[in-house]
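Please build the complete structure, drawing on both the sequences and the hints.
Chain residues, written in single-letter form:
There are 2 protein chains.
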Amino acid sequence: MPRPTGPPIGLTLARTAKSVSRAFDDALAAAGGSLPVWLIMISLKTRSLGNQRELADAIGIRGATLTHHLNAMEADGLVTRQRDPANRRIHQVALTQRGETLFGRLAAAATEHDRRLHADLSKEDIATLERLLHRLQSNVGSEVPEATAGSDA
Amino acid sequence: MPRPTGPPIGLTLARTAKSVSRAFDDALAAAGGSLPVWLIMISLKTRSLGNQRELADAIGIRGATLTHHLNAMEADGLVTRQRDPANRRIHQVALTQRGETLFGRLAAAATEHDRRLHADLSKEDIATLERLLHRLQSNVGSEVPEATAGSDA
DNA sequence: ATGTGACCGTTAGATAACTAACGTTTGGCT
DNA sequence: AGCCAAACGTTAGTTATCTAACGGTCACAT
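Those sequence lines, one after another, are chains R and G.
Just so you know, we're using our numbering here: the first sequence kicks off at 1 and counts up by one.
Just so you know, we're using our numbering here: the second sequence kicks off at 1 and counts up by one.
Simulated from the structure, these hints should not be mistaken for laboratory data.
Every value quoted in this text rests on a predicted model; they were computed, and no experiment measured them.
One thing to keep in mind: the hints can contain errors.
[Stated by the list, open to error] With a straight-line Cα cutoff of 25 Å, these simulated DMTMM-like cross-link-like pairs (lysine to aspartate or glutamate) come out:
id, chain 1, residue 1, chain 2, residue 2
1, G, 123, G, 112
2, R, 45, R, 57
3, R, 123, G, 112
4, R, 123, G, 130
The structure is reproduced here in structure tokens:
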């Protein structure tokens, strides 16, 4: 009995994520950025996203929050927003030269953070962790079992 | 090569924690509470905490934020705050009868959430996950290796 | 007894996320 | 042609957290 009603796994998960995210954000702040800015940039670089909504979904925030960050980034000269001529509802977001420069610095900080995070963990450990985290996510995803008995709502 | 520069583990961790916390908070909201309220209550019930600062540390928030929640909970008649006669700096926080009742409902919701979260995971899986999460936390904890070469601060 | 420093909790102000409602644009249907 | 529903992004307002500064209380030394 290794878990005699100890702290629930959800609580440990939340605390760990808070610590790790905090440390990551600090590292990015030291490089002149922040966690959301980094997520936006890396999504712009790697994925080919059609619109801002997909971008927001990709980094796990709401559309309104993304607008907020893009406003700040545009004011800082990191990105540009242009209407798509073919579909004027869509804003095409692109990194400026200055944005590319900052991306380089943040990438270095992110790599360093990841190195530190892995530290003594083996590749199998990381793979196992990823697998378990995905299981947790799918367990709370949309599993609303309404096939039990009665609709007691 | 199972991780060809895929999403960093820190990102997966953050997303999973967000989803799970969100789901948990929704479940608690349906029972008439919230995640911080639940954490405060369970800490009051289980641990024997000397003061509010320890309470805040136990649930991972700042003292000022705890004050905010306790104000709301006191206004709702869930807890009482009294000065410790032996040490008037300390506020003794206690659950009222109404607080106990809500605690019961939230405990049921939390148990249900935990059951759903575990779902197909074995005890070994949970133990492994806990171990890996603790490793991550300690890796970013306060590991400031200043024994490398020069003090470039 | 009195002054100094530390501890505890609160208050004030800033920051960042969310939800809800809105204006614009598009495409299909009548 | 004109209308209506849907999609996209922005704006407005709320909520929750943090940091910094403050007032009250205690222990200890002088």
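**OP:** Kindly indicate which numbered hints from before are broken by the structure, ordering the numbers from low to high.
**Re:** Structure breaks hint 3 only.
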